[in-house]
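Engineer: With the hints as extra help, turn the sequences into a complete structure.
2 protein chains.
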Amino acid sequence: MPSMREVAAHVGVSQKTVSRVFNNDPQVRPDTRTRVLRGLHELQYTPNTLASDLRNGRAPVIGIAVPEIVDPYFAAIVRAVDEVARRNDMSTVLTSLGDDPEREPLLVQSLLRRSLSGLVVVSVRDEQRYLQLWAGKVPIVFVDRRPSGVAGDSFTDNDAQGGRLATEHLLSHGHRSIAFMGDRLSLPTTAGRLAGYQAALADAGVAYNKTLIGLDASDETAAPRSLDSVLRASEPPTAVFCSNARVTMVLMPLLQRLSIAVVSFGDFPMAAMLSPALTVIDQDPARIGTLAATRIIERIAHPSRRFRRRTVLNVELIERESCRVAEPSAQRSTPRPRSGAQMSAADRCELTS
Amino acid sequence: MPSMREVAAHVGVSQKTVSRVFNNDPQVRPDTRTRVLRGLHELQYTPNTLASDLRNGRAPVIGIAVPEIVDPYFAAIVRAVDEVARRNDMSTVLTSLGDDPEREPLLVQSLLRRSLSGLVVVSVRDEQRYLQLWAGKVPIVFVDRRPSGVAGDSFTDNDAQGGRLATEHLLSHGHRSIAFMGDRLSLPTTAGRLAGYQAALADAGVAYNKTLIGLDASDETAAPRSLDSVLRASEPPTAVFCSNARVTMVLMPLLQRLSIAVVSFGDFPMAAMLSPALTVIDQDPARIGTLAATRIIERIAHPSRRFRRRTVLNVELIERESCRVAEPSAQRSTPRPRSGAQMSAADRCELTS
DNA sequence: TTGTAAGCGTTATCAC
DNA sequence: GTGATAACGCTTACAA
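Residue numbers (the working numbering), protein chains in the order written: chain C, 1 to 353; chain D, 1 to 353.
To be clear, the hints were calculated from the coordinates, so they are not data collected in a lab. Wrong hints could be hidden among the right ones.
Unchecked claim - Reference listing, derived: stretches of chain C covered by chain D, where coverage requires no fewer than 3 residues with Cβ under 8 angstroms from a Cβ of chain D:
(1) 35-47
(2) 63-75
(3) 89-95
(4) 105-115
(5) 248-258
(6) 267-277
Quantities reported herein were computed from a predicted structural model and do not represent experimental measurements. Every residue gets a Cβ at the ideal spot worked out from N, C-alpha and C, and that includes glycine.
Structural biologist: Shown next as structure tokens:
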């Protein structure tokens, strides 16, 4: 690939003049400009981004790290970030963390070393202290899961609200023994959703039964065991709340034969086409991704402006059919509208802190 | 972020010595090494990848461009590439092309300018002449769709074989009026699958009916019209062959009410959970991605070795239930095993050219 | 064993 | 308007 130097030699001007022309600097005589443009064209000049990025001290690149790119939820976030980036003439560097908390620092740091303009991360760790070094130097936005041990913007779903909505919905269909299936409790999402579940049960005066909690259910091999143990609870569940889409997808083949009511935290592509069509808590990954990337753009544009640190996004329940399976209609109660007083702080949405 | 120069000043050695220590050059006195290591640690030295990549003339980065990252097929390819890259201490730069043939050159070139070690691309264009400039300088691997107008390795599915398998399967279930739903015929995948469909019909002595071909069916708004027109054919279809997973997913809500047989080219996450469970042509995106990335690694390691240009991968049919819907059992014929003679060149698999 | 000098391809400064 | 020259942070070649 020819460099500016070569083009300059070819045309018979200085390298700087080529640079000026290439960067549309108006301070160039029209005829010089055309001569240089011709040279640029003749030699098929292609700029070396590495060089200019090094010189500029920053690459117009947004890094993004997600647990698993094949998960449609994370894929949607990635796409949204990529779109915002592109609209701002930036590129995207992706890394899939693979649910391995140990490797995350290595992987994310290898992104950061590239003089990124910003980083969007869905961490798979309990804490992100390893990012402290960078936090002051480059905008970091935590998405889906809020950070711990390091300051940074965050855009997350209202997990407690969603857990509550799902559970209340199942309660309103008469279910009194509702299982909670999740993955790792150390993740703030799982913890928050469980808290919402517990709060809803408490409000309804239904005793919390620990044997109805199944974890590690996003792991294909552990999931069946986890579900099995829950099904063998003293009071077997008539309904299941799956705390994320991956858990739902893994469990679906097992649940379908059981004719048990299901609500999933997280919609996914064919969820409405299943039989029964899945009732879900709907998140908006595209919105989250857009907000996150936009925040990075804003932070770059206004380095000293102050921004809202935490943004918690509302979720809503999409009622389809799976919540009506095996409805213990004898106990059916009408949905009880929640009063403001019953709403915990964590339940408020589009919240700041 | 401190540079080697700063660490050198801090420790009282030359920059080069810091470089040597950092890069584990054995030619350093043990005590110098420990002093430098301490300095590195104290100043929290972090290397600037841009600088070393510029100096080395190449970044340990594999670029990957796909039409749409949210599509689970492409996501699986991306993940596989990312995994191979990581195993070889490389990163991944992703770009989602968004089905816009016009923008592809811009987007892909902006990747290439980064001194990539290699590029994996699922092009959304009919031809990729814009890559000619690069083709000699960096390994480019075309995936899913083979290149046109430029030389490059390719790993593709045997589209003709898959189209044939799907169609023969529906024929064997007694269907004689089989619709073909696809997206853009200019894509080699769609064209190949259509060719397989036509070949199967011809072999079975079933007349090819152009009004049974519906295109642009991956576009949410165009799809219903496309399907409608096909359903209004002189001989309305009793079965549909969807030429890719996206088409299937878009059409599924419409097809489900129709009680019409379906075979999909391309499996996807919940396909087996649908009612009826979807019969599909199974591709192996992870394998394709792994092969593509591995080829790049090999090309880098052995720049002068000769490699197989085109690799065409076998696909297979996974029979579930959707092929048995609305079976015109009166005409049922037993599946006719194909003889070698009936196999066209394009049908052979794991093929080279 | 360690250091100096040059250079990767850009862009910024400041003369001319 | 245009062009030397230095610099970004690193690595290679060579000298001490």
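Engineer: Hints first: check each against the structure and report whether it holds.
Structural biologist: Status of each hint after checking the structure:
{"no.": "1", "hint": "35-47", "verdict": "holds (count 3)"}
{"no.": "2", "hint": "63-75", "verdict": "holds (count 5)"}
{"no.": "3", "hint": "89-95", "verdict": "holds (count 5)"}
{"no.": "4", "hint": "105-115", "verdict": "holds (count 8)"}
{"no.": "5", "hint": "248-258", "verdict": "holds (count 4)"}
{"no.": "6", "hint": "267-277", "verdict": "holds (count 8)"}
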